[in-house]
Amino acid sequence: MPGAREPPIDYLGRIRRYYLALGYRTPYRWAHYESVPFTALARPLAQARVALVTTAARFRAGLGEQGPGAPYNARAKFYTVYSAPADGPHDLRISHLTYDRDHAPASDANAYFPLPALRRAAAEGRIGEVAARFHGVPTNRSQRTTLERDCPALLERLREDGAHAAVLVPNCPVCHQTLSLAARHLEAHGIATVVMGSAKDVVEHVGVPRLAFSDFPLGNAAGRPHSRDSQEATLALALALLRDAGGARTTVCSLERWAENDAWKRDFCRVDGLSAEELAQRRAAFDTGKSAARARREAEGLSVATHPPAT
1 MPGAREPPID
11 YLGRIRRYYL
21 ALGYRTPYRW
31 AHYESVPFTA
41 LARPLAQARV
51 ALVTTAARFR
61 AGLGEQGPGA
71 PYNARAKFYT
81 VYSAPADGPH
91 DLRISHLTYD
101 RDHAPASDAN
111 AYFPLPALRR
121 AAAEGRIGEV
131 AARFHGVPTN
141 RSQRTTLERD
151 CPALLERLRE
161 DGAHAAVLVP
171 NCPVCHQTLS
181 LAARHLEAHG
191 IATVVMGSAK
201 DVVEHVGVPR
211 LAFSDFPLGN
221 AAGRPHSRDS
231 QEATLALALA
241 LLRDAGGART
251 TVCSLERWAE
261 NDAWKRDFCR
271 VDGLSAEELA
281 QRRAAFDTGK
291 SAARARREAE
301 GLSVATHPPA
311 T
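At position 95 of the sequence shown the residue is numbered 95 (this note's numbering), and the sequence of numbers has no breaks.
None of these hints come from the bench; they were simulated from the model. Predicted, not measured: the structure shown is a model, and the values here were computed from it. Treat each hint with caution, since some may be false.
[To be verified] Listed next, the in silico DSBU-like pairs over lysine-lysine satisfying Cα-Cα at most 35 Å (straight line):
id : residue 1 : residue 2
1  : Lys265    : Lys77
2  : Lys200    : Lys290
3  : Lys290    : Lys77
4  : Lys290    : Lys265
5  : Lys200    : Lys265
6  : Lys200    : Lys77
[As the list claims (entries may be wrong)] Using C-beta positions, here's what the derived DEER-type ranges look like:
id : residue 1 : residue 2 : range
7  : Arg294    : Arg29     : 19 to 29 Å
8  : Val271    : Glu156    : 39 to 49 Å
9  : Thr80     : Ser275    : 36 to 46 Å
We put the beta carbon where it would ideally sit given N, CA and C, even for glycine.
Could you put the whole structure together from the sequences, leaning on the hints where they help?
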């Protein structure tokens, strides 16, 4: 018999405690809003053009390890919104993100990039069509950069594509904040959205119109890896919410369970039992990653904001 189900992970609290343990003394201030914009889907879902928005990065050879289970790779990050045709094959990775490497090695892109499932939904008439392009939004700890640069860029591209709605699929905790901010911006400008997420507390703290929550390890917000049934059911949940939500801050929770027990939830950002030496090693690794990311942004001529770590 499965064990009792534990509550979803408190990512905000875990991350705060983790980085305090590493020696960072200025906690990251997460975005939070009381009011939430809401745009009802303006036409039947079966007639709507739906776009996919991701925080996954396109694979780029020569930038280090990016495969399943790869360690954090700041060199593989991207820093501006990108777009690509939705009708072709794509190799997207999440090696640059803090997904749950201990319990989910990111061996199936369909678990975090549900473009094939969205295409099937269009082919079966459950949505009108998939927008001509999907879009990648960078994971920025700088909320100002996200709000002032990335969200307007995403809105402009969705308008060019004639999208009526967007499905947004984040991976790491800050990704959940980024795409929550993007959802808010799109809704305020007339495009209905649904976030498919696994960090419930982060998304609800920001405040979004619609959240389809899966209590799975980070990196699997679109369904269980290597399970088409799970991925189809997860997308169906999100599309139903997109169609049926009557107002902002509507959350629906998948009934799927990752494992027979929830022991996996206890491992994320766990500091119990770590020695001072291990904590120092993790601090050093994170600082190295930040330096690599800063160097890439400077090389690309992008501004570098200074913020305490959040992921």
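Quick rundown of the hints versus the structure:
no.	hint	result
1	Lys265 - Lys77	26 Å, holds
2	Lys200 - Lys290	26 Å, holds
3	Lys290 - Lys77	11 Å, holds
4	Lys290 - Lys265	26 Å, holds
5	Lys200 - Lys265	13 Å, holds
6	Lys200 - Lys77	24 Å, holds
7	Arg294 - Arg29: 19 to 29 Å	20 Å, holds
8	Val271 - Glu156: 39 to 49 Å	42 Å, holds
9	Thr80 - Ser275: 36 to 46 Å	40 Å, holds
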